[in-house]
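Read off the chains here:
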Amino acid sequence: MSEYDQWLLDGDVEAGLRLLRRITAQALRTGPFPPPQGYDRWSDDAVDELLVEMIVKKGGTAFLLDALASVDNQGSAERYLLATVQNFQKDQAKATEHGKLRERLKNVLGKDSRFMFVTSPHDGWRLVDGPAQWWQGDIADLHRTALQVRGVSIPSWNTAGPTAGPARHALTTVAVAVLTDVNGTVRAEDLAQILLERFRHEIAPESVGELFLSDDDEQIGRTDEKLEHALTGISAEELWARLTSEQRAIVPYLITPGDAAPLLGIGPKEAAARRAQVFELVRLATVDDPRADEVVMALLDIASPSAGPAEGMARLSREEPTDIEGRMSS
Amino acid sequence: MRAVPISLDASAADDSAAILSPESSDLACSLVVWLDDATSLPLRVLDRYLGSLTVDAGELDAAERGQPVLTHADERAVQRARLQDILDVFVAARWAPEGAGNLKELLGAADVKELAQALQEPPRTVIALRRGRASLSPEQAERLAPVIHLPVETLLAANPSLPEDLVADLDHPAYRAKVVALAERRNVDETEAWLTAGFAVAAVAHRQTEGEKPAWTDRLDRYFALVLDEP
Chain A
1 MSEYDQWLLD GDVEAGLRLL RRITAQALRT GPFPPPQGYD RWSDDAVDEL
51 LVEMIVKKGG TAFLLDALAS VDNQGSAERY LLATVQNFQK DQAKATEHGK
101 LRERLKNVLG KDSRFMFVTS PHDGWRLVDG PAQWWQGDIA DLHRTALQVR
151 GVSIPSWNTA GPTAGPARHA LTTVAVAVLT DVNGTVRAED LAQILLERFR
201 HEIAPESVGE LFLSDDDEQI GRTDEKLEHA LTGISAEELW ARLTSEQRAI
251 VPYLITPGDA APLLGIGPKE AAARRAQVFE LVRLATVDDP RADEVVMALL
301 DIASPSAGPA EGMARLSREE PTDIEGRMSS
Chain B
1 MRAVPISLDA SAADDSAAIL SPESSDLACS LVVWLDDATS LPLRVLDRYL
51 GSLTVDAGEL DAAERGQPVL THADERAVQR ARLQDILDVF VAARWAPEGA
101 GNLKELLGAA DVKELAQALQ EPPRTVIALR RGRASLSPEQ AERLAPVIHL
151 PVETLLAANP SLPEDLVADL DHPAYRAKVV ALAERRNVDE TEAWLTAGFA
201 VAAVAHRQTE GEKPAWTDRL DRYFALVLDE P
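Those sequence lines, one after another, are chains A and B. Under UniProt numbering, the residue at position 91 of the first sequence is numbered 91, and the numbers go up by one with no gaps. Under UniProt numbering, the residue at position 140 of the second sequence is numbered 140, and the numbers go up by one with no gaps.
Please note that a few of the clues may not be correct.
Among the chain B residues that face chain A by a calculated CB cut under 7 Å, a handful are [what the hints assert, rightly or not]:
id	residue
1	Ser21
2	Ser25
3	Cys29
4	Pro68
5	Ala73
6	Ala81
7	Gln84
8	Asp85
9	Ala128
10	Arg130
It should be emphasised that the hints constitute simulated quantities derived from the structure, not laboratory data. We treat Cβ as the ideally placed atom computed from N, Cα and C, and that holds for glycine.
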């Protein structure tokens, strides 16, 4: 009898927990995240430490009931629990990222003459030539402003040095847009949150490793030479590398939406949402719609099993008929 | 039946969903109530009873909401779409045929034995089909289509329909359990058991032309007592 059957049919919660522990160990040992402090590998103790932390933060084992209600066999139970563990790790990484980004902004914005750091009554940022009053609006408005800034991206969280220039440019460009909109001073934690959200969706969780945000030795001198690259957006290969496996699966159907749901075995609304997600990731990363069209066409080539990335890019030309603009804005 | 989906992962909630505290129900955990996705569901889709939840409407209105989804890039938009797809499947779930009931005209001229052979069923099944006392399954329609030179879709669209109130009674969990028992006993799938019970009961009712007609529930009770050997 499988762990799932024991759990569901016999009400054996211990079997559910055993399954969770096994899946957690598997997720951690094959995943990109480092073990907790004090461990040099994902030992049984390290796995248990994370498991206990997850159960405590989720307010007990009630989430297992959700798992049981959402699956119907051993395989789907394993997939569900795997996703639960991975999501928990991503959430943890995000919490850490926020703190690191606040510190990083002191360096990045602090050395940029356009920004002024304020410490009273709490930490905050404003533009040097802007008014000093504290902003008190709806933070969702600032998130929207940040999402309107196109053509800036942080290529990955896991490299140091060479990516620092585009990363610095991306952070300061969005910060200027937000602080211009604010027309005053915004709390440092809010600005960090807005910047984190602006770039969060375009970073594939698989690429999370040693966060660049903790790298204290940023190479400021590279800003200028990397500026042009950042302004023209990213290449299709760079974007492809950041997509999750789920996002990659929808790419072949970006221009044939009717086929996506039946061929991927998903519902029509999910198919539409996943297409819109990839289009939006392209939109955020590119400077304008023609450039976005090119990236989408190149993604299609990369996703095509008959063409490697190099061949796909070679076939890409401005003369290719592209009509992505309407879909990008739909 | 009016229904609203509920999930347990508060971080997946957006501003269309209310987040209830663990104290609000005997499930003792935070609940995400997808208020904007409330819809009408047929009773037949309710599979398992998990527990009961009583929430004051005022508490629901005042409850905290999730953060709004501001970009299509947000993974929560995909998660909600997935939930909506599942709901759509539930809303559309049917077992009873919704045909025009003109199978008799389509099958009338053909030889009963020939049809029975094509269907791999006894001749009485063909007679039942002709009289509107049984319906064609998609598999049966595929076997029959080349014999009488009609498309599968035409045959399925000619299936007889069942009285709506009988279908509603059969959807009720009390009878659903008996339908499941019948399916297990006859080693057929649940939909086939549903159709068998529905058409058997409707046929008996159709034959009764005199006297006061009993309620469908009385007929269903008698039918299941007979086929399941219940007292």
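Legend entry - Supplied contact hint for Ala81/B, tested at 7 Å Cβ to chain A: holds, 4 Å
Inset, instruction - Let me know if the C-beta of Ser25/B comes in closer than 7 Å to any C-beta of chain A, holds or violated. - result: Where the cut-off is 7 Å and the nearest Cβ of chain A is about 11 Å from Ser25/B, the hint is violated.
Legend entry - Hint validity - Arg130/B Cβ closer than 7 Å to any chain A Cβ: At 36 Å from the nearest chain A Cβ, Arg130/B fails the 7 Å test, so the hint is violated.
Legend entry - Interface hint outcome for Cys29/B [beta carbon to chain A under 7 Å]: Holds: closest Cβ of chain A sits about 3 Å from Cys29/B, inside 7 Å.
Legend entry - Status of the Gln84/B interface restraint (C-beta, 7 Å, chain A): holds, 5 Å
Legend entry - Per-residue hint verdict: Ala128/B, partner chain A, C-beta under 7 Å: violated, 35 Å
Legend entry - Restraint check, 7 Å cut-off on beta carbons, for Ser21/B near chain A: violated, 10 Å
Inset, instruction - For the hint on Asp85/B, just tell me whether its beta-carbon gets within less than 7 Å of chain A. - result: This hint holds: Asp85/B lies near chain A, its Cβ roughly 2 Å from the closest one there, short of 7 Å.
Legend entry - Hint check: 7 Å Cβ-Cβ cutoff, Ala73/B to chain A: holds, 4 Å
Inset, instruction - Identify whether the interface hint at Pro68/B stands, where standing means a beta carbon of chain A within less than 7 Å of its own. - result: holds, 6 Å
Hints 1, 2, 9 and 10 from the list above are not met by this structure, while the remaining hints are.
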